[in-house]
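Chemist: This is what each chain is made of:
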Amino acid sequence: MSETRFSEETIKVVNSIVSRYPEGKQKSALIPVLHIAQAEFGGWLSSDTMDYVASLLEIKPIEVYEVASFYSMFNLKPVGKCLLEVCHTGPCMLNGAEELVSYLERKLGIKSGETTADGMFTIREVECLGSCGTAPMLQCGRDFHENLTNEKVDALLDKLKAEGKQKSYVDQD
Amino acid sequence: MADKIKVTIDGQHIEVEPGTTILNAARQIGGESVPPAMCYYSKLKGSGGKCRTCLVKVSKGSEKDPRPMPKLVASCQTQVMDGMEVENMTSPEVLEARKGVVEMLLINHPLDCPVCDQAGECDLQNLAYEHGAAGTRYEFERRKFNKINIGDKIQLHMTRCILCYRCVYTADQITDGRVHGILNRGDKAEISTYIAQAIDNDFSGNVIDVCPVGALTDKTFRFKNRVWFTKPVDAHRDCENPKCSGKVVLWYKGEEVLRVTGRKDQYGEVESFICNTCRFDKKKTNDWVIEGPRQIEDTSVISSNHYEMEHMLPVVEKDPELMEQNQKMFHKKIQ
Amino acid sequence: MAGKKILLEHIDVPGINTYEVYRKMGGYRSVEKAIKSMSPDDVVEEVKKSGLRGRGGAGFPTGMKWSFLAKPEGRPRYLVCNADESEPGTFKDRYLMEKIPHALIEGMITSSYALGANTSYIYIRGEYFYVLRILEKAIAEAYANGFLGKNILGSGYDLDLYVHPGAGAYICGEETALLESLEGKRGNPRIKPPFPAVAGLYACPTVVNNVETIAAVAPIVNMGGDEYAKIGVGRSTGTKLISAGGHLNRPGVYEIELGVPVEEFIYSDEYCGGIKNGKKLKAVVAGGSSVPILPANLILKTANNEQRLMSYESLADGGFVSGTMLGSGGFIAFDEDSCIVRNTWNFARFYHHESCGQCSPCREGTGWMEKILHRLEYGHGKMSDIDLLVDVSKKIEGNTICPLGDAAAWPVASAIRHFRDEFEWHVNEPKLCLERNYGISQKHEVVM
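Chains as they are written, first to last, in this note's numbering: chain A, 1 to 173; chain B, 1 to 335; chain C, 1 to 448.
Bound-form chain A, shown alone (with noise of 0.2 angstroms):
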């Protein structure tokens, strides 16, 4: 297990959002730096990776623990590569939210919630993405994969499988 540390190039993007922020308010930069945190080391937030953030922060770890297990966002536990995170909130579920789960839960063989054995997806059910008109959609990393059929989502599911990993936060393309 290799160290928890940013490479120098992510120090420095650390070092820029820092820069946004007033002289001694470097702690505005938690939740951003926390998003990369999580993007690079495996997709969840351990408490090592916290403690290096407050490190980096110059705050108290108990600052970092607060601010991650307030925010929905940040996993707490390992996740798998491919977070599937269905919005199952009004207009979505009057558009086929549940239905939507059932199908990716068959599908996958897992609950909502659970991790498949190869540890490739995770579902899980989550409060409103602001896609509302497009229902229903589920949100994989970066993206918000909308209007929703089964066909659309075996074809994600295979682009998933294919690629191997889904779009993060330290994505630039």
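Everything labelled a hint here was simulated from the structure, so no lab data went into it.
Just so you know, even glycine gets a beta-carbon here, dropped at the ideal spot from N, CA and C.
Do not take every clue at face value.
[Said to hold, decoys possible] Some chain C residues judged to face chain A by a derived CB distance under 7 angstroms, without partners named:
no., residue
1, 85
2, 98
3, 129
4, 165
5, 168
6, 169
7, 183
8, 199
9, 202
10, 203
11, 246
12, 249
13, 250
14, 252
15, 346
Fit chains B and C to the supplied structure of chain A, relying on the hints for placement.
Modeler: Frame of chain A; chains B and C shown alone:
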């Protein structure tokens, strides 16, 4: 100095310094009109506003702008204005809202008072008694957490916590390194160190004193005795820690000091914070200079039968001066 | 017949997401006009005259909000854009930022100038991070063309603009929670006062405005506040982006001139094109999940039998007894087969999940309501649950630190107010309602 501000609370007039909150103005009046406070703590900056038990109605904003405030306000956070009129116990709306808050605070509380060390000196117990309803309408499973030890002296019983944040402010402001905080969100929020860690520094024991419920308890006192069977005595010592006042209450059972706490005022707030050495390590009578029996409010279960003449506390009996004090208190009580 | 388009006027122009095309279509004129020929106060004055009201949900007059901004010497002031769009039913800000990012950037520059801010932030919800990239690209273009950075257009005015991501928390759409989050903390709303205009970001005077509000500042400066105020109806001036979803033939984002009849908005082909699958309309949530739901008859006409309009005043006509709110413009239509109990439970689950947990009525009450609604929906409810729900909602409403408590209480109270019979039906005929709601669903083995 700026002129004092006139405010009326439940029909009682008082003049207070500008910047005073409604709650503190009410405390200056005293008595029934003081709103209960489960999260506000005058010695902790930033505390308050969260529990909503101190909600009051502002029926007149001020002399200049007499409009009432549209919603009930947290009296611990709202500053008085000149000519403001506040309704607390006189407002059915306030009482109804407060009853609602108490119900909310209790739906996930374990109600394990019979085995809780805080019983008898619990703010939530008192609040529920004074403002709550007799039954609960909540029929679902209550939130549960495992008990954990945070260090060898303090136990965290999260199931009882009402998330007042006082212990977090204490750790931030009184100790020199906070390692615990509020984790998670909503009704899953909890006090935790995240990865099991001891809260261990010179002043960490104060989190026990500021906790309004039995969520943070003194492991050295755990299940030793019900508080109402112990007898509190004011004492002090010349503590070597410059930040510690050394002014404490010793809780006796017979000749034995069962626990040491800070001195709490009538609103349950400690008068000054004490260090862990005084709290946990000084449990012999000869560690202390005894000042005399602690005066406890007559309404508290702790005061019942305390300073009677027949079964005097050994430390009192040995000292003529303390005997005299005891006698005075006794006579005051039977008057 | 087509209503006036202002924000989305050039939405169909190819390449409008780029600086080049945006500029060619008249973009950044408001910055030039403001910086070269107007004082900051002049800009504030135009916004006041325009009657623009906050497009995030509360509808507070923007010019007035701006005029509250404290201006102490030697302290920075901040403009923060609230792009934390998370109100169920609402997706207009995402659409605008994704399609025409420069509309927001331009609005930010002109508004920052008006407020005297030299550093401004766009706080965008973390889930929108592909949009964050789009904005960052647009910001880089604006820097490259001299609209951001030092000495903008040679005026001596400096402005830096950054995008800041959230990480999944509806509560951060509340402006003080947003500021806490921007400071790298948990999104716990602050106790007010002090308001952000006095002590906001880093305890400095701060204005927080919604994406659409800020974007509207550019056209207001261009055409003048008086001209803008002529658009719309009464105190509902200008245009509004409406996110249309639910059972509609043509869901999506529409820019409407405020005052369009609700009926026209739902049924005309210019807008939503009627209800899906030829069904009838049962109910509408007109302004995002937080606002009271109205049955079809009351959303199309007011209690006084007047045509209901898409405006702040008309939607609110009748108060909460028979009216609702324009809110964020998240317009959700329910067809005749929709289950109101199920939807109310769905929303209650949302608020339970999103409560920050700081104050007791919301922390405990939202979960309680969800549990009761779940029980009702799944056939285990009691008749007394209905009044219990109303009472719990009342115990939350008005008694919390921030408006999330109200937002959680209103959908429940209004659903029972207008559809009590359906709640009763769930108690009396649990099997029938389970069959209706889940009989054809593939997923639910109903957990009894």
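Chemist: When the hints from earlier in the document are held up against this structure, which numbers fail?
Modeler: Violated hints: 2, 8, 10, 12 and 13; rest satisfied.
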